[in-house]
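> So the sequence lines, in the order shown, correspond to chains A, B and C. Heads up, the first sequence is in numbering that gives the first Met the number 0, so the first residue is 0 and it goes up one at a time. Heads up, the second sequence is in numbering that gives the first Met the number 0, so the first residue is 0 and it goes up one at a time. Heads up, the third sequence is in numbering that gives the first Met the number 0, so the first residue is 0 and it goes up one at a time.
By construction, these hints were calculated from the structure, which means they are not laboratory data.
Calculated cross-link-like contacts (lysine to aspartate or glutamate; reagent style DMTMM-like; alpha-carbon spacing at most 25 Å):
| hint | chain 1 | residue 1 | chain 2 | residue 2 |
| --- | --- | --- | --- | --- |
| 1 | C | LYS57 | A | ASP48 |
| 2 | C | LYS79 | A | GLU16 |
| 3 | C | LYS27 | A | ASP77 |
| 4 | B | LYS35 | B | ASP11 |
| 5 | A | LYS1 | B | ASP69 |
Partner residues aside, some chain B positions facing chain A, computed with beta carbon under 10 Å:
| hint | residue |
| --- | --- |
| 6 | LEU90 |
| 7 | THR103 |
| 8 | LEU104 |
| 9 | ARG131 |
| 10 | THR149 |
| 11 | ARG151 |
C-beta atoms are modelled at their ideal positions from N, C-alpha and C, and glycine is treated no differently.
Letter by letter, the chains look like this.
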Amino acid sequence: MKFAPGAAVKVRDDWPEARGPVHIRTPHYLRGRQGTVVRHLGDFANPEDLAFARPASRLPLYHVAFAPEGIWPGGGADLLVEVFEPWLQPI
Amino acid sequence: MAAADLTLLRTDSDRLLAAVRGLLAAKGIVTPEEIKERIRFVDEAHPGQGARMVARAWVDPAFRATMLADGTKAAELLGIPMRGMPPLGVLENAPGLHHLVVCTLCSCYPRAVLGYPPFWFKSAAYRARAVRDPAGVLAEWRTVLPADTTIRVVDSTADYRWMVLPMRPPGTEGWSEDRLAGVVTEGDMIGVTLPHVTA
Amino acid sequence: MSDLPDAGIAEPGDNPNRAHHDMGGVSKFLCEPIDTAAHALTEFDREVDAIRGLLGAKGVMGVDELRRGIEAIPESEYHKLSYYQRWIRSITDNLLVQGVITAEELVAALK
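Could you put the whole structure together from the sequences, leaning on the hints where they help?
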């Protein structure tokens with residue numbers, strides 16, 4: 000487990016959708032955005048593999064908070080989203 | 000992985016269901032009796048279950064603490080079947096903080112405690128708008144929050160299922176747990192509405 | 000909400016790589032009203048739901064496979080299908096892809 004509560008993180012600005020059929024649980028609007036780890040929710044099998052019936056490793060899943068500024072043009076909501084560890088980078 | 004033939008998949012849904020039902024039965028994978036039994040089981044989950052949890056949390060601080068730490072355990076304490084269900088997380092509303100649950104990617108919903116997701120929860124409009132304009136979404140239900148309330152939108156993207164623990168409404172002092180549960184609706188536990196006591 | 004985009008923040012829904020089911024905040028839905036009315040489930044809905052649940056419990060097909068099959072529905076069809084119509088389509092897709100049923104068997108069963 001890489002991130003402790005309070006850790007500043009950035010969601011990878013990656014678009015696997017452009018590279019072929021995928022199943023991604025990191026919403027488009029968070030790609031490249033910065034947030035704060037709230038807590039580790041547990042380790043769960045990687046849905047990106049489960050979706051294609053491939054062997055899936057277990058990954059740490061975090062609840063990550065995002066401030067309204069910096070997500071939408073014109074502001075928006077305070078957000079709390081489950082994000083798998085490989086999608087998060089330390090800042 | 001090769002995708003299945005689109006022409007076949009475009010078959011009328013009723014015919015597709017009949018064909019799949021027949022093939023699964025013929026292969027002994029899913030029998031019609033199992034389907035009937037499963038429907039009976041799923042129909043037993045309803046918002047009254049979540050409402051019982053909320054009411055208990057309002058009167059019992061120890062239960063409330065358990066519920067916030069481990070929603071699955073709290074549900075099981077009230078006899079709600081959770082085996083095979085995703086872990087349940089509970090988000091507590093407080094003065095100045097209101098939670099709203101959405102699943103922008105599909106329709107993840109705390110079915111064990113609320114039953115089938117309602118139509119609106121699955122709609123494109125709700126899924127798109129909740130993360131961006133939650134106050135506008137609440138206005139669709141004529142829900143008005145006190146000024147200076149932060150709305151925290153919870154996008155349910157992965158393995159947890161989330162329900163909201165709303166604040167106990169004023170005017171319910173001394174009420175029994177059953178009576179309290181009676182004022183808690185499905186919408187209150189997703190965050191689009193607030194428990195309402197009619198005078 | 001302001002109509003004026005903040006300088007420096009791109010409109011996230013505009014990324015051409017966004018998958019159509021990934022609809023959080025997408026501008027084309029922002030002015031769409033929400034149908035808050037209760038819609039009763041049909042027998043079809045309940046049965047499709049039950050079959051998916053049983054296939055999951057039996058380890059034939061998991062929830063992420065269901066989602067993959069739904070996401071594979073072209074956007075123009077996705078919005079015309081009801082919720083459980085998408086599900087039966089994805090279930091069929093997955094059963095075919097996994098070889099649980101064959102296309103020949105399905106064609107025969109559809110007759």
